[in-house]
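Novice: Listed below, chain by chain, are the residues.
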Amino acid sequence: MKGVVLAGGTGSRLRPITHTGPKQLVPVANKPVIEYAIDDLVEAGITEIGVVLGNKGRQEIQNYLGDGSDFGVEITYIVQGEPLGLAHAVGCAKDFVGDDSFVVYLGDDLMREGIVEFVDDFDPDEYAAGIGLQQVDEPERYGIVEVEDPPESGEGGEAVDTADVGDVVGLVEKPDDPPSDLALIGIYVFTPAIFEQIERLEPSWRGELEITEAIQGLIDDGDRIQSHVVHGWWKDTGKPEDVIHANRLVLDDIAGDVRGTVEDGATVTGRLDLGEGSTIESGATVRGPVSIGRNTTIEAGTYVGPYTSIGDDCAIGEVHIESSVVIGESTIRCDRRIVDSVIGRHATIRTNTDKQPTGERLVIGRNSSLEL
Amino acid sequence: MRIVTYTCPDCGTVVAGNVLERNRTLKCPGLGCETVLRFSDLPAEDREHVLSNLETYRME
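Sequence order for the protein chains is A and B.
Just so we're aligned: 202 in the numbering used here is position 202 of the first sequence, and the numbers increase by one with no gaps anywhere.
Just so we're aligned: 7 in the numbering used here is position 7 of the second sequence, and the numbers increase by one with no gaps anywhere.
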């Protein structure tokens, strides 16, 4: 089986972060989100991976992933160009896929349980496709499937056994009257039968080739579509608050790995990942779970609170920062509290109390968002 | 919609036909590949298909 990771799109909802890089390289717990997709595919035994690239961030993604050898995989790049929809992206992978079944994984998604069970359960002799699903609280906001045996509403959103819901028999996008609360999560397994359906598609109202229509075509032709309800969390990292939430979910599971220096006199509680060359100085406080990259200094008088990730080559001083993502190569030295924030590369935040007149001094780019 | 692609004969990178049409001549986007790809490398039937469906293949 092969893997196809979709890494196109504009990342418009993550601006200004994505003005200078693709959304798939935005880090969650100091690891680019696309790497979680690669890891899940490798765990499922898939090492031939096609990465579909758009017009944005193409070089950066290639520079990061290379030929895949650093990740134990073999990567073929597939340049889609314009964002013409998921079905177009999948269709561009036809020659790469050949006669194999293949997993399609959205490159800005991540999920707790991986895809091993999903892949192992898929039988291409029985099904034309499989769809990853999850119960959601507001099905009107998602692509929703109709299944043979819809689950009854559970309490507290507990997981539903796959065997309870049967095959997928229909799909509908953001329905006013949802046939179920099972949403598409951007993980699919396809046989080459999907390509014939993609060829039949016409662009939707938004000018895109919709994968849901291609899957509906399989259903209309009498093919079986397997449902796979995932347990554990799943996250699309399309918006800053999603990045912060995903960061929290991943950090909840870290074991702690200290490779840098924690000086005597530093206070560290909870789990900490600390990269090589990084230092937590005496007089600094870190309350985990926290991830700190390489060659970063947490200076005396700083508080780094739970669910914070700070990338490589940063200098962090005086500040109280928690539940935030600092991507890297930034300097933050200010006697302020920073919470629930995403800070991009090469950012500088510093105290200005020695300047007159007093006031906030800001250099803000397009699509920036500040809450003061 | 038929999707046209071209595979670089040197590095195996796949390029969508709409990309070749927009650029007409481009250096292969594959890592470290120096091959020049051209819209004219596509078979005539594929070129005709892309040109006949330009509105579909472009997001302006």
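Hints in this document: simulated from the structure, not taken from any laboratory.
Careful: at least some of the hints might be erroneous.
Below, simulated DSBU-like cross-link-like pairs (lysine-lysine); rule was C-alpha separation at most 35 Å, straight line [stated by the list, open to error]:
hint: 1; chain 1: A; residue 1: 94; chain 2: A; residue 2: 174
hint: 2; chain 1: B; residue 1: 27; chain 2: A; residue 2: 239
hint: 3; chain 1: B; residue 1: 27; chain 2: A; residue 2: 355
hint: 4; chain 1: B; residue 1: 27; chain 2: A; residue 2: 94
hint: 5; chain 1: B; residue 1: 27; chain 2: A; residue 2: 174
hint: 6; chain 1: A; residue 1: 31; chain 2: A; residue 2: 94
hint: 7; chain 1: A; residue 1: 174; chain 2: A; residue 2: 31
hint: 8; chain 1: A; residue 1: 355; chain 2: A; residue 2: 2
hint: 9; chain 1: A; residue 1: 239; chain 2: A; residue 2: 174
hint: 10; chain 1: A; residue 1: 94; chain 2: A; residue 2: 2
hint: 11; chain 1: A; residue 1: 31; chain 2: A; residue 2: 239
hint: 12; chain 1: A; residue 1: 31; chain 2: A; residue 2: 2
Derived Cβ-Cβ restraints for the label pairs, each shown as a range [what the hints assert, rightly or not]:
hint: 13; chain 1: A; residue 1: 361; chain 2: B; residue 2: 35; range: 35 to 43 Å
hint: 14; chain 1: B; residue 1: 43; chain 2: A; residue 2: 367; range: 12 to 20 Å
hint: 15; chain 1: A; residue 1: 256; chain 2: B; residue 2: 10; range: 26 to 34 Å
hint: 16; chain 1: A; residue 1: 169; chain 2: B; residue 2: 43; range: 37 to 45 Å
hint: 17; chain 1: A; residue 1: 206; chain 2: B; residue 2: 44; range: 43 to 51 Å
hint: 18; chain 1: A; residue 1: 255; chain 2: B; residue 2: 43; range: 52 to 60 Å
hint: 19; chain 1: A; residue 1: 222; chain 2: B; residue 2: 23; range: 24 to 32 Å
hint: 20; chain 1: B; residue 1: 43; chain 2: A; residue 2: 45; range: 31 to 39 Å
hint: 21; chain 1: B; residue 1: 10; chain 2: A; residue 2: 164; range: 34 to 42 Å
hint: 22; chain 1: A; residue 1: 164; chain 2: B; residue 2: 23; range: 23 to 31 Å
A virtual CB, placed ideally from N, CA and C, is assigned to each residue, including glycine.
Novice: Taking the hints in turn, state whether each one holds.
Specialist: How the hints compare with the structure:
1. A:94 / A:174: 28 Å, holds
2. B:27 / A:239: Given that 35 Å is the threshold and the Cα spacing comes to 33 Å, the pair holds.
3. B:27 / A:355: 52 Å, violated
4. B:27 / A:94: 22 Å, holds
5. B:27 / A:174: The given pair, whose Cα atoms are some 41 Å apart, is violated under the 35 Å limit.
6. A:31 / A:94: 29 Å, holds
7. A:174 / A:31: The given pair, whose Cα atoms are some 31 Å apart, holds under the 35 Å limit.
8. A:355 / A:2: Violated - the C-alpha atoms of residue 2 of chain A and residue 355 of chain A are around 59 Å apart, more than 35 Å.
9. A:239 / A:174: 19 Å, holds
10. A:94 / A:2: Holds, because 11 Å separates the two Cα atoms, which is no more than 35 Å.
11. A:31 / A:239: 17 Å, holds
12. A:31 / A:2: The given pair, whose Cα atoms are some 23 Å apart, holds under the 35 Å limit.
13. A:361 / B:35: 35 to 43 Å: With a Cβ separation near 50 Å, residue 361 of chain A and residue 35 of chain B fall outside 35 to 43 Å, so the hint is violated.
14. B:43 / A:367: 12 to 20 Å: 42 Å, violated
15. A:256 / B:10: 26 to 34 Å: At roughly 46 Å between Cβ atoms, residue 10 of chain B and residue 256 of chain A fall outside 26 to 34 Å, so the hint is violated.
16. A:169 / B:43: 37 to 45 Å: 39 Å, holds
17. A:206 / B:44: 43 to 51 Å: Given about 31 Å between the Cβ atoms, the range is violated.
18. A:255 / B:43: 52 to 60 Å: 54 Å, holds
19. A:222 / B:23: 24 to 32 Å: 41 Å, violated
20. B:43 / A:45: 31 to 39 Å: 36 Å, holds
21. B:10 / A:164: 34 to 42 Å: 51 Å, violated
22. A:164 / B:23: 23 to 31 Å: At roughly 50 Å between Cβ atoms, residue 23 of chain B and residue 164 of chain A fall outside 23 to 31 Å, so the hint is violated.
Consistency with the previously given hints fails for numbers 3, 5, 8, 13, 14, 15, 17, 19, 21 and 22, ordered from lowest to highest.
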